[in-house]
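Novice: 540 is the number of the first residue of the sequence shown in this note's numbering; add one for each residue after it.
Incorrect hints may appear among the rest.
With a straight-line cut-off of 25 Å between C-alpha atoms, the simulated BS3-like cross-links for lysine-lysine are [to be verified]:
#1 Lys1171 x Lys1109
#2 Lys610 x Lys588
#3 Lys733 x Lys625
#4 Lys633 x Lys610
#5 Lys545 x Lys588
#6 Lys959 x Lys921
#7 Lys633 x Lys919
#8 Lys887 x Lys993
#9 Lys1242 x Lys993
#10 Lys588 x Lys618
#11 Lys887 x Lys636
#12 Lys993 x Lys636
#13 Lys806 x Lys818
#14 Lys1109 x Lys636
#15 Lys625 x Lys640
#16 Lys916 x Lys640
#17 Lys919 x Lys640
#18 Lys633 x Lys618
#19 Lys733 x Lys818
#20 Lys916 x Lys633
#21 Lys1122 x Lys1109
#22 Lys959 x Lys1241
#23 Lys1087 x Lys1171
#24 Lys1171 x Lys1147
#25 Lys545 x Lys610
#26 Lys1241 x Lys993
#27 Lys806 x Lys898
#28 Lys898 x Lys733
Hints were generated in silico from the structure; no laboratory data involved.
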Amino acid sequence: MEAVQKSLEQVAKRAPGLHSNSASAKAAATTPSVHDSIDRLIAQVEAAKAALSASSSSSAPNPAVLVAELKSSVESAQKSILDRQKEFHAALSKSTKALDKKFPIPIDGVADPALFSSPEAQTALERVIFNHLQRNGDWSTSYKFAAEAKLPLSPETEALYVQLHNVVAAMARGDLRPAIAWAETERAWLQSRKSGLEFALHRSQFIRIAAGAILPDSDDALTNRDPDGENVEMMSASIDQLHPASTMTNTAVAAAGSALAPPQTNKERALAYGREHFKPFCASHLPEIARLYTLLTFLPDFIPAPAYGPEGLDSVPVEHLLPTVLPIYRPLLDANLVHAPLLEPLFKLEFCARNRIPKDAPLSIGVEVGAGGALNKIIKVKAVMKERGNEWSQADELPIEIPLPTKLRFHSIFACPVSKEQGTEQNPPMMLACGHVLCLETLNRLAKGNGRFKCPYCPTESYLHQAIRQSHVMSAVAHATRDTRVYQTYPVSSPPPRPGEDWVRFVLISDTHSQTTLIPDGDVLLHAGDLTTLGQPEDLRAQVEWLKSLPHSVKVFTCGNHDFSACTAKNFYETRGRELNAKYHIPGSPDDVSSARSILDPTNLGPKLRYLENESFEFTVPRKGVQHRTWKLWGSPWSPEFERWAWNYARGPEARTIHAGIPRDVDVIITHTPPFGLGGLDRIHNGTSVGCEELTRRLTAKKEDREALRPRLHVFGHIHEARGVSVLGRDGEEMVLVNAALVEYDQGLWEKERKFSYTVVCQPVIVDIRVPAASSL
């Protein structure tokens, strides 16, 4: 309400006649109040009238001169009054807008009042509110609401919410015991879902112990809480004083003796925990277990201090451990990647799925969608349609598309590629024998009553009775066929299973900007540039070491416009690069370029990691017993000119020169820049497309054109806000286009301090492509 109050104060200041001076500082000295202007004008008229009546005929003033003077005074007063009125009405308009923003807009005519008029609908709404209160742990309010609404209580449902609330609260405190107990009880069910929850919980405990945390109820808790040995000495003295004929049991003696054992170090305790809990996961998580044990070799060996206590990792400092650990293992010490921020949503997902309750509270989702802009958009469109005499055609159909974040897209939407109709319950998507998917009404029109037709996208003949209804379409693209599958959203610790040996899994990332994140396993990892924040060699080295540590058999990357020190083209770094470093207060060194080039040298990258700079690369995916075809890949760090940053080229002839080397038979393209206008994957915040026109020209050219490109996959980044997937169809072939940017920057920090700060906001994109085996071994 402060904004409304300030706007009303401005209205009061600018109200005519309330102040002697104008509220505008610029006009304060020259513009009187409205009252003053009128009073001055009246005084001038009275003076002129008195002059005319009091003067003798010989000395009477010239009436024409008096009228001219009065006319000038009237015009001056009129201008002054108009200026004050303009100020007032401008302030009044601003206050009206401020009031509209602060107070809700009437939704009469948008929402149907009859929706919740029936007793059944009213009860359903009250039940949603009641479940929301219980889900948030507001038990007293929920009981009072249930009593007033006369809702029956369900002890079973309440017990589930109590358990969920208690486990999540314990995880927030760093106590994973309740979550581990639940995961061990549900191990068989979790394994059937290929869930990684139980392993993720034990991994978190392992890292906590390695960092020096003392878990509650641990066997050596007493010893580790007594590092000076005082309690041990007291217990030893007490045992020595015992009479030999004492009735002390063997168990008690053993327990007392264990207290006298030397205190265990953090590494010893972590190894003991791993031996006890990692055995069930050796087959499914062996590489990750190996990473955990390797982490131990870099950590210092020490006896945990009492201050570390059982409160969890939050009470255990890890900053002093980071310099001792190689960059590729530092993500294991990042709480956001391995502890509560990861574990809480993962536990909620599995717990809710096991007990068949919504993962998110329905009331929260409804409010988030409505208050997030959906209601305002619908009200505006409703008003426009009413002015034009149009009405909504269907009761269950929205007049416009409402943009939703990925987390709120619960059901895939299928649009028929032939009719462009949206799939519904009455017109569902149907998969043909050839693997292509069309809407049912489209199939009926193609069949023309005889049940036999030719697929619009391939030469295969199909029969209507062979079509299979699709209950869901794969996330990311509704165009998934039998040869391509794309995944944008999936459980991080449990990605979708691989379809088979004749498929190749590509994992796609871009624009990591010095950040690391969990990467799902796959055959080929592709990174489309902007590894660093502002091109510092140490950032580049950390990113390269991280890529080298990933288990994929083939890993390929290129650079981007932020990777300053890696850019030797046009002598960029020695001119514009150092200028940008100075602008953003980035320390530089004369050896930056040579350091970056040594980092990108093949001898440093190793046999499984390849850097591409406008060049091709061929690879074969290894398989046991199957020899796959050879893939041809082309990569480039260049992008159209953007404030003269690294790897920039001018649009037009220079763009054609840059991309002239792309081979016509390329299978996969990696460019930092997106193509222009394809799938909206190059649109900045205001909707403007900024991609490369030359790439679009070649991707959309007719197949017989010598410069036409038909890759199976094109991955890029650069425009973070345009991340997503699209499928481009040309000449009966499909090309999967992926903007794989992972991060967003802190806009508030940028506007305030002109500093870049990035956060990973999405998952790597997974693309599975089926390729028939070239031969059997």
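Novice: Check the structure against each numbered hint from earlier and tell me which ones fail, lowest number first.
Specialist: 1, 3, 4, 5, 8, 11, 12, 14, 25 and 27
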